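Asker: Please arrange chain B on chain R, whose structure you already have, making use of the hints.
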Amino acid sequence: MGLSARAPRWGAPGLLLAIALHPALCTPASASLPPARRDYCVLGAGPAGLQMAYFLQRARRDYAVFERAARPGSFFTRFPRHRKLISINKRYTGKANAEFNLRHDWNSLLSHDPGLLFRHYSGAYFPDASDMVRYLGDFADRLGLHVLYNTTVEHITLDKDRQAWNGHYFILTDHKGQVYQCSVLFVATGLSLPNQVDFPGSEYVEGYESVSVDPKDFVGQNVLILGRGNSAFETAENILGVTNFVHMLSRSRVRLSWATHYVGDLRAINNGLLDTYQLKSLDGLLESDLTDLAIVKDRQGKFHVTLKLFLEETNQSADAIPLPQDDNDNFAMRVAYDRVIRCLGWNFNFSIFNKSLRLSSGGEFSKKYPLVRPSYESKGSRGLFVLGTASHSVDYRKSAGGFIHGFRYTARAVHRLLEWRHHGVAWPSTECPITQLTASIIRRVNEASGLYQMFGVLADIVLLKENATAFEYLEEFPMQMLAQLETVTGRQARHGLFVINMEYGRNFSGPDKDVFFYDRSVGHTEDAWQSNFLHPVIYYYRHLPTEQEVRFRPADWPLPRPTAIHHIVEDFLTDWTAPLGHILPLRRFLENCLDTDLRSFYAESCFFFALTRQKLPPFCQHGYLRTQGLVGTERLRQHRVASGLLRTSPAAGRRPGEGRRQPGHPKPTRHFLTPGPPGQPHDSNKEEL
Amino acid sequence: MKAYLFRSNILLREFPTDALFDVNAIVAHVLFALLFNEVKYITTWEDLQNIDNALKGKANIVFSYVRAIGTPEHRAIMEAAFVYGNTYQFVLTTEIAVLESIGTEDIEYAHLYFFHCKAVLDLTQQCKRTLMAQSLTTLNIHQFIKTMEAPLLTEVAEDPQQVSTVHLQLGLPLVFLVSQQATHEADRRTAEWVAWRLLGKAGVLLLLRDSLEESIPQHANVAFKREEGRRVEYLVLHDIDSVISHVENNMHVEQIQHEDDDLEEPDMDMQDDEVEETVYRDRKRQLPLELIVELTEETFNTTVMTSDSIVLFYAGWQAVSMAFMQSYIDVAIKLKGMSSMLLTRINCADWSYVCIKQNVTEFPVIKMYKDGKNPVYYAGMLGTKDLLKFIYLNRISCPVIIPSVQEAEEYLSGELYKDLLSYSSVSVLGLFSPTMTTEKEYFTEAGSYLKGCVIIAIYSEEDVLILSNRYAVSLPALLLVRHKEGKIEAVPLANTHTQDIVQIITDASLETFPEITVETLPTYLRLQKPLLILFSDGSISIQYRKAVLMLIKEKHLDSFTPCWLNLQNTPVGKEILQSYFDVLPPLPLLVLVDLHSGGHVFAFPADQAVTEQNLLLWLKKLEAGLESHITILPAEEWKPPLPAYDFLGMMEAAASQHPTRKAPECTKEVDVQENSKGQKEDKSAIRKEPTETLRIKHWNKSGWLKEAEKSFLHDNKEL
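Chains as they are written, first to last, in the numbering used here: chain R, 1 to 689; chain B, 690 to 1408.
So that you can see chain R by itself, here it is in the shape it has in the complex:
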């Protein structure tokens, strides 16, 4: 597969030496079996691993999936402990559009087989986790994905080889000593290690992963739960009815997903404890940094919360340890607990990766994820991609990339990037005449599920052709890679581009925001930029932004400052097809960006223009002149006459020299967008009079 063609790039002087040394250094000790070679290796047959396997299979690529367990989705055989998935399985939307319906189906993986939709596996809105296990098993079996079950990859190293696609191979060693040589490695192992906080007394704490889920074990107990995420609340929910009370302790205040618009925050389905807390029914929520705490066990086997500080001061026996209530007799956690349960989430397991892979932790938010680029490729080694939940550092607390309904699309994006990088298959696109631009955008914003779920991460791209007579439409491109678009997709962006993204209002969502304020919704098209709920936003660039521009974009902006921007006003029904409210303002925006007239005309009007003007509007050029004009019926003709729309003034009041804004003298108003000549910010002339 073009291996030799790539070789010269690695022709460095020290190479001979490296080759000479390589067998001695890199051959595993237990190399009794010859290494199996694969172009693509996928670690983990969870949702993300299977999703990637599906795309590789469809593209007939050489790949294998490695799975430790005997069946796919082993995480879901144990977790969530209380078995209720909180990803919605919405079976009815009132719409037939399968793409649209995926917007409200958070469990299905992407495939061409409508039988492999999750709604055929569960009737529950919040399905049982065992249904997910069954679904993933079926997904792998029915599609015939190549999964090596019962194969535990124990160690991964890097083997430099200038013939390799990426200058090195990934060498996987499984528990039997079998070695696999992979050109590209996908890590889809999820987050598998429970997050543990070390503090004095942490040995008394039970973990979410092992605590009893039988409410009977909690009858009449005082329970302290550490954590304030969905697992903490899920655990609390299960025992609320039988405990004396549940206290919940976490570093920061609870983040409600309906306020943050982030599905990883506390979902309403789990928030029973908030209810009982606010109604003073003995349960409660507290904030404190866990690392400052200590837990001491008294003689009765009950647990007391104290401060680490106090423990350090004294070296006394358990009974004599000072407690906060000694000084402060109304200290909130002065009561003794029967159990302390830790529900602090999960971390990525770095242990199997050799240092040479330079797979490091520490994204900007959290150390629990491996560090990746917006293309999901590891920053440390080329050709290593992180998929699924473990890839969430890209959009942690922003979008849905850590969840099935988000990463199913990012896996597809990664696959498309690799198809171009290694197989010369450019990013799929459709080419249409410019007259279809408004319709293409309207179609996508109304049905596209990847845009909708992965808002702010994946965006549709419209690449204009020369003279803006046609365009190419690329779906669901990782928008942070915009500057590199040409090299990573194989498509040209020389004549300007549009980026179609979905966004919530800039300041609408957040853990302490009131998302129910009066007047929260915007109805007027001219106020569309103030829309608060998820709505389409279209960015226009005359030139592809540079990497610098993307990196140093304004705060709060998902992309660099565009030449012009359009917001399609938010819609209560998320149905953006209103002729005047949605389509017309969009058309005006596109027209002004492209400096052309994108209206549609009946054949009779085109006929009139053809005989009375030297140039025809694009719609007549693409349709009428190619004998594909829209003839219309007598009835519509009458409506046209009644509407008073005149053909004689194609640009009302804008005959030469009249009313048309000359580049040097823009109309002094801020309401309107009329970009000036190319390469000039459209407002720059304002002060030059």
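If you're looking for bench data, these hints aren't it; they were derived computationally from the structure.
Watch out, some of these pointers could steer you wrong.
If we take Cβ atoms under 10 Å as the criterion, some of the chain B residues that face chain R in the derived model are [as the list claims (entries may be wrong)]: (1) 1045; (2) 1052; (3) 1340.
The list that follows gives simulated cross-link-like pairs (lysine-lysine, DSBU-like), each with its CA atoms no further than 35 Å apart [what the hints assert, rightly or not]: (4) 615/R with 1242/B; (5) 615/R with 1328/B; (6) 1176/B with 1023/B; (7) 465/R with 1046/B; (8) 973/B with 95/R; (9) 398/R with 465/R; (10) 465/R with 1328/B.
Predicted, not measured: the structure shown is a model, and the values here were computed from it.
Even glycine gets a Cβ: it sits at the ideal position worked out from N, Cα and C.
Answerer: Frame of chain R, contents of chain B only:
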């Protein structure tokens, strides 16, 4: 916070920052401070009177009123004063009373007068005043002052077409009053009177007819030149008022618009797309869709596999699709019970995967699925007539295989497919000997390419020589039958490839002297030749037809596309004529439209008879460049009909108002109360007090005025 203005190290002024609320305010305030002497600020009528008197015979005055200091208008005036402050005395007021005292009615937020005091020598005489009609922008003030500087009246004795003054450069028209030696003195007085009335609106000139070389129409007493390069209009006007009203009515639209920017803002929310608008107007009507089978993801494949069907791929929300849907229903009505073809539709807004699978990426698309073969893409006009034709012609295969010489003759005579003849202007018969497999392949391929457009048949039996002999052509060949004319033409096909065969057949289906209609024009435009159109109200007479056909026959019209247009069938032809001629000329009328080079339109002289000779002569003169065109078709590009909302500007304006970007939690008072209650319990959260989100439209329309007033109060104290 305050801002300080220094000239080198001398402090000139200090400004409270709230007075400097935007760029306009800053520029206006700074210039106001610097041009303290050039711009006199007054508050009473007496002040104005004093300045007026002091300057009589010395200098002219630019007097202006603005509603508040720091407004865009104030800035414009200060900028003009910066340029013209040495030449004119600028006087500024913000008092409406001053304006009322000089007799201004309909007081708006800004006015500017030019007081002609320099020419006044008698102190008791009032200075003449000219009100600027345009809105107060720097550019408009500059233009206005330029026209004030221009001579009031100019006498000329040359062709008005050649005359140019500063007025034309400023976009103002010129009015020539035609005079002659005998009445010169009286005319001059009239002209001066007119000139005063039109000051700032047009340039007025006195044109001496006697000394003019070029002739001007005899009765004309006024010439009007709207803009540079435009033809001069000659008019007969009977009094001064009609001269003035003519000028005022013909002023540029822009100037009228500028007078009232707020009201004249284009209504961007108004639909200006005729297809969208008409479909929207028809939205409440229930379409009789039951005649068309609606397909779904489940039924699509079985339907197109098991029956011959036309499928319309459309999107329910797209106007062009829905406009075509009405024609499609008409097709269904016409075909009801007459065709085995199933008319179906699939809404891609519901079944997008099906459409994508069928490679449909635009709307609407029509495909025909027949005999389980690859679907045929319909590339004809989106209308009832053409789609019907496509369906009818697809009843027979393309090409039809003719089994016998006898049937071939029936085919050639038109008997075989009598009912289809009206849909195809030619019938084609390919003649091949049975061994010519490649040739037949090309022909068959061409046939499938032209599916639904023309009737095509093939004959390739052993006795094919009978036919080739009968029509005196060597094999392979094709016979073109023009049934209307009863002509059969034979074309040899040796070494002719598919594309060439398609070309031969397409060319053959063009008529030599067609009636052009909305549907047929594009086919003839493809020839890229100037159109020689005979406009006619009804059918054209035999005489005309004969003349044109004769010229065609004699090859005089090879470089043109001769055609005719029946206004009865193509009513839009009337609108076209109206755009060529100001007044509709008598019909029939022969017009030459040169679309592809220069867009010149020529008309055959109405006073000449349409005979072969006259036509030929006219064409010769045209060729020699001796005929002058009646109009040139505008070559304008199609620009956006209206501007779009500048959301980027609005977002940035809002961001600069709230540099911290922390505030926009909109909350009403009710919520604020609730919040303060809530705070007692939720101590961990410190609530920021919500503030009203900035709404740019409010800010733009009213906000700055209030701000300006506030800052003006400050100013007043300090002045």
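Asker: Honestly, which of those hints from before does the structure not fit?
Answerer: none
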